[in-house]
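Peer 1: If you want the building blocks of each chain, they are given just below.
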Amino acid sequence: MNSLQIVINRLVRTIDEISDPAVAVSGVLTV
Amino acid sequence: MTLAALAHKFEPGKVKMYHAVSPAVPTQATERVERVATEQCWNLTIFDAGEFRDQNYVSNPVNRCFYCKTNLYETISKKTSAVILSGANHDDLQDYRPGLLAADNFSVRHPFIENGIDKATIRQIAKQVGLGELSELPASPCLSSRIETGISIDAKLLPLINKCEQLISTLIVPKPATVRCRVRDIGIVIELDGGAYHLLSEKRRSELQKEIEQIFGGLRSSKNIFFKEYRMGSAFLHPESPNVARA
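Chains Y and D supply the protein sequences, listed in that same order. Start counting the first sequence at 1; every next residue gets the next number (this note's numbering). Start counting the second sequence at 1001; every next residue gets the next number (this note's numbering).
Treat the hints with caution; some may be incorrect.
Stated by the list, open to error - Restraint ranges, calculated between C-beta atoms of paired labels, are given here:
{"id": "1", "chain 1": "Y", "residue 1": "R10", "chain 2": "D", "residue 2": "E1229", "range": "36 to 42 Å"}
{"id": "2", "chain 1": "Y", "residue 1": "S19", "chain 2": "D", "residue 2": "K1228", "range": "45 to 51 Å"}
{"id": "3", "chain 1": "Y", "residue 1": "N9", "chain 2": "D", "residue 2": "S1206", "range": "54 to 60 Å"}
{"id": "4", "chain 1": "Y", "residue 1": "V12", "chain 2": "D", "residue 2": "K1156", "range": "27 to 33 Å"}
What the hints assert, rightly or not - Footprint (simulated), chain Y over chain D, 3 or more residues, beta carbon under 8 Å:
{"id": "5", "stretch": "1015 to 1021"}
{"id": "6", "stretch": "1082 to 1095"}
It should be emphasised that the hints constitute simulated quantities derived from the structure, not laboratory data. Quick caveat: nothing in here was measured; it's all calculated off a predicted structure. All C-beta atoms, glycine included, are put in the ideal place defined by N, C-alpha and C.
Work out the full structure, taking the sequences as your base and the hints as a guide.
Peer 2: Encoded structure:
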């Protein structure tokens, strides 16, 4: 498993632990 | 965009997306959200967070982003009891980001920050979650950031600023990496990345000034148009600046 995949897995775990998530989407990648 | 795409890819059906439209949000950003939402079947709500009805925001203080994000998160909170997630990242912690204070007031979570993820890593993740060429999008602050701190934000001016930047991007060859059209006390300042700025001849500047004058018509500063080399955040005064009254 490469380092990017490890990072993605951590992110997915963070989101998974939130029972009801809502994402504020800006329409840009970064500011 | 990246957080939404990732959340949807790995938790399909669980995550709701909220996108605020506003004069400060370029139309192409909203079109981008709508396109990806359709392609990836997001549960997307588009709404107006109403920050242009908030004088605290319109007066354009140094912490304008606090009022923008307060309106954003307050409006989302009225629509859902879900935990709000933002795409703020670890690099944002190196800068003055009053929007993060507003986020705290609404218990907003920042998964990228919580996992130490910076802008460069977000681009890699964006490719992995199917955003394709969007992963190469340059950093893009809202259009209100083009108005010098302390000058009230005129909503009618922002689409013209967007139009001006789009036009200049197409008129200069090769296409500049960065174009910022800033409204300052002294007039309109077009900032270009170093490469594009130094290649611009006097004749070409004069031609572009005429194009820009046409876009801004009778609005303020149309006769005072200048070109400068781009500096990140150069319309922005930090709170420790001696000339800035704290809002």
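Peer 1: Now, for every hint given, state plainly whether the structure supports it.
Peer 2: Right, here's what the structure says about each hint:
In this structure the hint that R10 of chain Y and E1229 of chain D lie 36 to 42 Å apart at CB holds, the actual value being about 39 Å. The hint said 45 to 51 Å for the Cβ distance between S19 of chain Y and K1228 of chain D, and at roughly 49 Å that hint holds. As the Cβ distance of N9 of chain Y to S1206 of chain D is approximately 55 Å, the hint placing it in 54 to 60 Å holds. Separation of V12 of chain Y from K1156 of chain D is about 43 Å and departs from the stated range, judged on CB atoms against 27 to 33 Å.
Given a C-beta distance limit of less than 8 Å, the hint that chain Y covers the stretch 1015 to 1021 of chain D holds, as 6 residues qualify and 3 suffice. Under a criterion of three residues with beta carbons nearer than 8 Å to beta carbons of chain Y, the stated coverage of the stretch 1082 to 1095 of chain D is upheld, 9 such residues being counted.
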